[in-house]
Amino acid sequence: MKLHPLDRKLLRDLWRLRGQVLAIGLVIASGVGLLVMSLTSLEALRDTSAAYYERYRFADVFAQVKRAPESLASRIAAIDGVQTVETRVVRSAVLDVGGFDEPVMGQLVSVPENGEPLLNRLALRAGRYPESGKPDEVVLSEPFALAHKLGPGDHLRAVMSGRWRNLVVVGVALSPEYVYTMGPGALMPDDLRYGVLWMGRETLQAAYDLDGAFNDVSASLLRGAKPEQVVDEMDRLLDRYGSHGAYVRADQASNWFLSNEIDQLETMARFLPSVFLAVAAFLTNMVVARLVAVERPEIGLLKAFGYGNAAIAWHYVKLVLVIGAVGTLLGWFFGYWLGLYSTTMYADFYRFPFLLFRPNVGPFLLAAGASVGAALLGAIGAVRRAAALSPAAAMQPPAPPLFRRNRLFLPRFFERLDQPTRIVLRQTSRWPLRSIVTSLGIAMSVAVLIVSMQWLDAIHRIVDVYFLQAQGQDVTVGLVEARSSAAVRELARMPGVLAVEPMRTVAAKLRSGPRVVRDAVQGVPAHQTLYRVYDAQGTALDLPPEGLVISTVLADRLAVRPGDTITVEVLEGRRPVLELPVAATFETYIGRPAYIDIDALNRAMHEPPSVTAVHLRVDPKFETRLYRELKQMPQVSAVNLRSAAVTTFNETMAKTMLIYVGFFIVFAATLACGVTYNAARIALAERARELATMRVLGFSRREVEYILIGEIGLLTFAALPLGAGIGWLLARWLVRAFQTELYRVPFVLEPSTFGWAILGGFLATLASVLLVRRRLDRLDLIAVLKTRE
Amino acid sequence: MAAPGTQRPVLRARDLGKVYRTGEVEVHALRGVDLELWPGEMVVLLGPSGSGKSTLLNILGGLDSATSGEAWFEDHDLTRQDDRDLTRYRREHVGFVFQFYNLISSLTALENVALVTEIATRPMEPEAALRLVGLGERLHHFPAQLSGGEQQRVAIARAIAKQPDVLLCDEPTGALDSQTGVLVLEAIERIHRELGTTTVLITHNAVIADMADRVLVLGDGRIQQERRNPQRRPARELAW
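Chains as they are written, first to last, in the numbering used here: chain A, 33 to 821; chain B, 14 to 253.
Quick caveat, the hints were computed from the structure, so don't treat them as lab data.
Source: prediction; values computed, not measured.
Beta carbons are placed, not taken as given, at the ideal position from N, Cα and C, and that holds for glycine.
Heads up, a few of these hints could be off.
Here are some chain B residues pointing at chain A (derived, C-beta under 8 Å) [as the list claims (entries may be wrong)]:
#	residue
1	N115
2	L120
3	L128
The following residues of chain A were derived to be distant from chain B, with all beta-carbon distances above 10 Å [what the hints assert, rightly or not]:
#	residue
4	A83
5	Q139
6	Y212
7	D267
8	D295
9	S306
10	V358
11	L361
12	A419
13	D450
14	D551
15	D574
16	F695
Pulled a few chain B residues facing chain A out of the computed Cβ check, cut under 8 Å [to be verified]:
#	residue
17	R103
18	V129
19	E131
20	A157
Use the sequences and the hints to build the structure in full.
Below, the structure written as structure tokens:
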């Protein structure tokens, strides 16, 4: 096939400009890659969780009760809109897994004696369901089984109703209900210390004295049913059976975490790719404008030969399209790979039994359209100028640019500058828009670096405030149900226990006008020494003798301020309805806690002093003995170790957040290099003649480099603080956008983060300038001087 | 003008050769040129395109290296000097004027001259240099605000402001009409007269040869003819 000469020219131009084409391509690829990654993994997460929920019949409404008769099930099923009802027995228990000293908590969940559950089915990964009449058979949740290397045939023990039971594993499974498997009081899944065990219903009913009764119910709804109405109806039915209130899928813990994650991903998909695509548009504009300027005579010649404006415009549009295509293809490739990688990571983290990574063409087309569109938009001005030149004008050299004596700088100051410095300053101020945009490009890369690294500062701060400063306990022991404060004294006498502190948690509905929030009210001593009420600023708060101290998130949800009164409908014990004043609000990073003086709580409950959890400080020498004895205590339902919580928090962050931070750092570096390399190449192309002249006049290489590097350096110098400022603003904005009910990422920017980001921007500039400097050294003095501009 | 024999030459070349290789093609730009330039002399190099006159000038000016032979500035062998030495040689001893002016567009006339005087060892005042070429009134104009002839005169002022030992002009009137060209030649003539700078002027315009002390005609990489003008014609009398 014979190529049209113009197309051959196009190919040669592309080859000649390959460095710049690649630099722009990489920036476009970053934007496309991020967009494709975000959108495909967003889509995959949504598809996978939706399919998972559907296939394994994840329920729509949930409720826990103390004990309700089985006959209630048919009345729930009769509620308008309910499709299927499943009742279960669910209890937590202390487990003993061979070879693991620390206490392990288990959630025991009943499955029907015959056949599969109707709702919340298991995705069996190995083995089978427990057989009817074999009370010691259990199915383990897969993460837990993997963490302890347990499989069918292996044994473990559980304390059920105060007695150790030997259990045999017959299966390993995943469940849509436990996508995010988290123990009570934990912040992150800890597969070593928390697991789900599915057992025959009769076994659990017998163990917990729930014959002919259930303590957990879930229901699926008919299409079009109103979940809130069903919840109200269920509450009406379950109220007197000790219900803590029914709730919809959106409030189910595992699903709630998953939705939070998906929301964050969506924020990212909206924000970051746009930054890269905007910069790519600007770079394409710069390069194409320069190319057209250089090719004026050729354009004139082509027009003199009879090529029309459309043909010439199309020629340059093709150039832009090729650059856009290079970036898009690279971006597709990276984006697909990153999307698959991050989805696999999520699937692994959330334990989906399958993964639906079937990216639509949608995200790819959207990314391609956006990036090629951005590139074309960037080039449109230059191409129009090329097409608009008259042949005669095009073949003339362009008039030298008109400079004016500066008004920008103080004349006195300017008088004292040497000529090369004046050249740098005049060049920079002659095309202010271009200088500003170049500076802005570099600044954006610094800003992206700051935004990325801000997460590290934030995580560091969360760990520091939440785990290290606020929490003084080593172990928190959860009790099966509220116990008298004798339990505190009993724990205080155990081996190695140095200090104890009681806590009482009650489930409640908090109401203020029409606003209702289901939450726990935590009673702690007015002045805490172990588990401290800490605000985001790192101040410990003492509780007033009466009234609630609530997190600002909760205050916002209820639209209350200090001094207002909240109606607290306690969902346990005698179920009192309390009117409690809001004494104070405080900022938190995690959750939306509400605290009250434990004595005030007990008084309000009309109960003698009682506790649901005890915080302990422990002498490390006695840890193993303490754990062994805690496992023997039937009233203990949970044992949380602070050190383990910190470890899992950090590990989870390392697995998810830090990998993204790494990606962004690479992207930001690409951005900085793309901008500075192109700016330096264009500056070199435009100044080649003047720089060669200066070499002829007797300036050394280094003195000439000063002019080229000085210009980029000046723009970089302006860009670095600008980038720090933009980064600060973006980080603040992004922190707000990323706010979920679960987390408020603190807005923390350590000085070192600015330092690293600025260093990163500087190094990227330096690298590009050094690359271009090599070209400067090869300037052909004679050829440059002999040719006309 | 000093007479040959009483002084040492400023520049001399012995059997100077230059071969350009582009791909498989070899171009012999210079084939053994012998030459001496004396202090205060004005020499015109005449010859058609491709005769080697620019190559000779570039080697003498330290812009290019010879393939064979020697080129001496006073007692420095230019053919043995590295880039750093040649840069210093150009900086301290040589003034260049080119066909296409090569002014820095972002600097005013005065600043273009100051660009050179700032790095020279014994420069004259930039204003004085511009007055010498008749541009005392246009000190603060940028190149884009000057005519072609004016731009070339700024280039001449820039070349001589360092008070160079040699002034090398490559087709200084090539891009100008004859009237403007004469103005530029007058400027060169005045510099030569007042400063006594050894001046080499390349042209393919035979008329201009009349203003020289000596005329060297190049062809095919060799000096084919050398003649001495009994009387130099003033530039203002030239016309083409």
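Results of checking the hints against the structure:
With its C-beta approaching chain A no nearer than about 4 Å, N115 of chain B sits inside the 8 Å limit, and its interface hint holds. Taking 8 Å as the C-beta cut-off, the interface hint given for L120 of chain B holds, the closest approach to chain A being about 6 Å. With 8 Å as the threshold, the beta carbon of L128 of chain B comes within range of chain A, its nearest partner Cβ sitting at about 4 Å, so the hint holds. No Cβ of chain B approaches the Cβ of A83 of chain A within 10 Å, the least distance being about 64 Å, so the stated non-interface status holds.
In this structure Q139 of chain A is separated from chain B by more than 10 Å, as the shortest Cβ-Cβ distance comes to about 75 Å. At the 10 Å boundary, the C-beta of Y212 of chain A stays outside the reach of chain B, the nearest C-beta of that chain being 62 Å off. Its beta-carbon lying about 78 Å from the closest one in chain B, D267 of chain A satisfies the requirement of being farther than 10 Å from that chain. Once the 10 Å rule is applied to beta carbons, D295 of chain A is consistent with being away from chain B; the minimum gap is 52 Å.
At roughly 35 Å from the closest C-beta of chain B, the C-beta of S306 of chain A stays outside 10 Å, upholding its exclusion from the interface. The non-interface label for V358 of chain A is consistent with chain B: the shortest C-beta to C-beta separation is roughly 30 Å, beyond 10 Å. With a cut of 10 Å on Cβ distances, L361 of chain A stays outside the contact zone with chain B, its closest approach being about 35 Å. The beta carbon of A419 of chain A is kept farther than 10 Å from every beta carbon of chain B, the shortest such distance being approximately 26 Å.
With a least CB separation of 6 Å from chain B, D450 of chain A falls inside the 10 Å interface cut-off, contrary to its annotation. In this structure D551 of chain A is separated from chain B by more than 10 Å, as the shortest Cβ-Cβ distance comes to about 68 Å. The claim that D574 of chain A lies off the interface holds: its Cβ sits roughly 68 Å from the closest Cβ of chain B, which is beyond the 10 Å cut-off. Residue-level check passed: F695 of chain A sits 41 Å from the nearest beta carbon of chain B, beyond 10 Å.
Interface restraint check: R103 of chain B against chain A, minimum CB-CB distance 4 Å, threshold 8 Å, status holds. The interface hint given for V129 of chain B holds, since its Cβ lies 5 Å from the closest Cβ of chain A, which is under the 8 Å cut-off. Restraint check, E131 of chain B versus chain A: the minimum CB separation of about 6 Å is within 8 Å; hint holds. Using the Cβ-Cβ criterion of 8 Å, the hint placing A157 of chain B at the interface with chain A is satisfied: the shortest such distance is roughly 4 Å.
Comparing the model with each earlier hint shows a violation of hint 13 alone; every other hint is respected.
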